Amino acid sequence: MENKIPSFLIARSSAAPLAEGRGRLRISFIEKSIQHLAGVINIGHAQWESASRDAFLQKIDARVKVLFLLFYVVIISLKRDLVSESLIAGLIFMLALTSRVDLMDLYKRVLFWGFVFGFLIAFPSAFNVVTQGEIIFPVLNLEKSHTFWIYHIPQEIGITREGSLGVLMLTSRVMNSLALSFLVLATTSLPEIIRALKVLRVPDSFLMIITLTFKYIFIFTKTVEDMFLAKKSRLAVHTGNAESRRWIAGRLAFIFRRTRMRCEEIFKAMLSRGFADEVRIYKFSRLAALDWSAGICLFIAGVIFLWI
Amino acid sequence: MENIIRFERISYLYYNRIPALSDITLDIREGERYAIIGANGSGKSTILQIMNGLIPQSTGSFLYRGHEVTEKTLRDKGFLKYFRERVGYVFQDSDVQLFCPTVLDELLYGPLQFEMDQTEAMDRATEVMQMLNIENLKDRPSYMLSGGEKKRVAIGSALMMNPEVLLLDEPTNGLDPRTQCFLVELMLALSEAGKTLVIATHDLSLIAEMHAKVALLSEDHRIEKIGPAEEILKDDDLLLKVNLIHEHMHYHGREAHKHRHSHYFFHKH
Numbered sequence: 001m002e003n004k005i006p007s008f009l010i011a012r013s014s015a016a017p018l019a020e021g022r023g024r025l026r027i028s029f030i031e032k033s034i035q036h037l038a039g040v041i042n043i044g045h046a047q048w049e050s051a052s053r054d055a056f057l058q059k060i061d062a063r064v065k066v067l068f069l070l071f072y073v074v075i076i077s078l079k080r081d082l083v084s085e086s087l088i089a090g091l092i093f094m095l096a097l098t099s100r101v102d103l104m105d106l107y108k109r110v111l112f113w114g115f116v117f118g119f120l121i122a123f124p125s126a127f128n129v130v131t132q133g134e135i136i137f138p139v140l141n142l143e144k145s146h147t148f149w150i151y152h153i154p155q156e157i158g159i160t161r162e163g164s165l166g167v168l169m170l171t172s173r174v175m176n177s178l179a180l181s182f183l184v185l186a187t188t189s190l191p192e193i194i195r196a197l198k199v200l201r202v203p204d205s206f207l208m209i210i211t212l213t214f215k216y217i218f219i220f221t222k223t224v225e226d227m228f229l230a231k232k233s234r235l236a237v238h239t240g241n242a243e244s245r246r247w248i249a250g251r252l253a254f255i256f257r258r259t260r261m262r263c264e265e266i267f268k269a270m271l272s273r274g275f276a277d278e279v280r281i282y283k284f285s286r287l288a289a290l291d292w293s294a295g296i297c298l299f300i301a302g303v304i305f306l307w308i
Numbered sequence: 001m002e003n004i005i006r007f008e009r010i011s012y013l014y015y016n017r018i019p020a021l022s023d024i025t026l027d028i029r030e031g032e033r034y035a036i037i038g039a040n041g042s043g044k045s046t047i048l049q050i051m052n053g054l055i056p057q058s059t060g061s062f063l064y065r066g067h068e069v070t071e072k073t074l075r076d077k078g079f080l081k082y083f084r085e086r087v088g089y090v091f092q093d094s095d096v097q098l099f100c101p102t103v104l105d106e107l108l109y110g111p112l113q114f115e116m117d118q119t120e121a122m123d124r125a126t127e128v129m130q131m132l133n134i135e136n137l138k139d140r141p142s143y144m145l146s147g148g149e150k151k152r153v154a155i156g157s158a159l160m161m162n163p164e165v166l167l168l169d170e171p172t173n174g175l176d177p178r179t180q181c182f183l184v185e186l187m188l189a190l191s192e193a194g195k196t197l198v199i200a201t202h203d204l205s206l207i208a209e210m211h212a213k214v215a216l217l218s219e220d221h222r223i224e225k226i227g228p229a230e231e232i233l234k235d236d237d238l239l240l241k242v243n244l245i246h247e248h249m250h251y252h253g254r255e256a257h258k259h260r261h262s263h264y265f266f267h268k269h
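Protein chains in written order, with this note's numbering: chain Z, 1 to 308; chain W, 1 to 269.
Hints should not be assumed to be uniformly reliable.
Unchecked claim - Covered by chain Z, according to a simulated footprint, are these stretches of chain W (three or more residues, beta-carbon under 8 angstroms):
id: 1; stretch: 97-109
id: 2; stretch: 189-199
Claimed, not checked - Restricting the straight-line Cα-Cα distance to at most 30 angstroms, the calculated cross-link-like pairs of lysine-lysine (DSSO-like) are:
id: 3; chain 1: W; residue 1: Lys72; chain 2: Z; residue 2: Lys32
id: 4; chain 1: Z; residue 1: Lys4; chain 2: W; residue 2: Lys138
id: 5; chain 1: Z; residue 1: Lys222; chain 2: W; residue 2: Lys72
id: 6; chain 1: W; residue 1: Lys77; chain 2: Z; residue 2: Lys32
id: 7; chain 1: Z; residue 1: Lys222; chain 2: W; residue 2: Lys77
id: 8; chain 1: W; residue 1: Lys225; chain 2: W; residue 2: Lys241
id: 9; chain 1: Z; residue 1: Lys4; chain 2: W; residue 2: Lys213
Read the hints as simulated data drawn from the structure, not as lab findings. Because the structure is a prediction, the values reported are computed rather than measured. The beta-carbon is built from N, C-alpha and C at its ideal position, and this holds for glycine as well.
Whole structure, please, built from the sequences with the hints as guidance.
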């Protein structure tokens, strides 16, 4: 071996001295990708940690929580007054508090997505062009009103009382539904949620596919993160967009190949353990007294909300 | 010999929440053979990734030849070139490291990045392929290589820049005995050539063969002990404590007995 070591390897490594201050390097696509991938795994860990806490909703069986979520989403959609929506929001807040969920994180997400999918979408309907009614905030005064086909644009355009109430109503419904969904997600591990979907008669094979997908998302995210680190370890100059695209295309091909191979391996592993076209998932344990009592209390509260 | 790498009280949190390293302080001298050993999940690979400037330590400082290595300093083109030319990294999973269309492209990637003369780069690639016995693979894509061949190409691609420090993450993992033997000989030859080798492994026979200086990591991600391989390997209690050896029961004839068992050399009775 000694005789085979090339002469350049025996020579001293680059003798070039350190020359700092030759400009800053932009390797943003690598850094951003690594951060993004780390973010995906981080979300998974945060969700798992939050779902493993010893608190109220975490102790309740996933089936009860899934039914609770569906029942309350229906109630939220049926209610037509802001008071009921506020009471439901209060109940969700109390549940989040007793479940020791990170309230800041929960409501930050609720506000963001509620603003995007609730307020922004509904906002145009606040104007008298869409919703007729008493103008409380005039915006524009035209010379005269216009009528095109079935559409009518009044002379004075503004936000109406009825329109703004409608926007508030829709936004509060979206925010309540989101808060409820995020709360159930934060207090139940995803594999448990997927298994709980069995109560909704989702086919076993479909549940198994989702479970495997969820698991392998994390495995492949880690592989992709390692690939980016390997690229970073050999990167000392700025790479152009074309080079970055070529690299990403090559790595996509690699991931595709690996996924296909892994898929074959998993199938062989399933066959070797007795798989014969039928998926059987381990049966759920029986509901405990706490699950029954919590389920009944939440059901009664839901009926009261429907009543008022 | 001067210190080439210095870790001062380095800690690292994986994804900002899971502790991977706690308060690691170590010095590596130029030309040294240095092994970082520990059980699975003790933080060996994380140390190597920080040493290669791939992930930034959460706290503490990392000095390379007295220069602080941080995310900020690695953004400086001059320092990054200086650092990357000198420190090579061989990943545990060769698949993630090999991303060029063919073996030859893989070897030429680093030198061309550093704007090396193309003739010189090709000469180096030919010499490295001869050294690693992979000349016949030069036009093959990496996915058509065996595990041992991939490892050779990965080492070759790191050596092309003639780094003074070579970081090897579990270099013998999953390789057949003949390729393992080839790698050990190669590492010893590189060490003879003056390279500083830092090896992360839980293969105790490897560090015994390499006669390396050893940093032993505990399962709570701290340095348990630093010392010569001979001294560390003799200390069964210490190895048992960090989960690198175990106690097991087996039969001699009709008599069962229990003893400590390490997977290097052979059973120690």
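Checking each numbered hint in turn, tell me which of them this model violates, lowest number first. Of the numbered hints, all hold.
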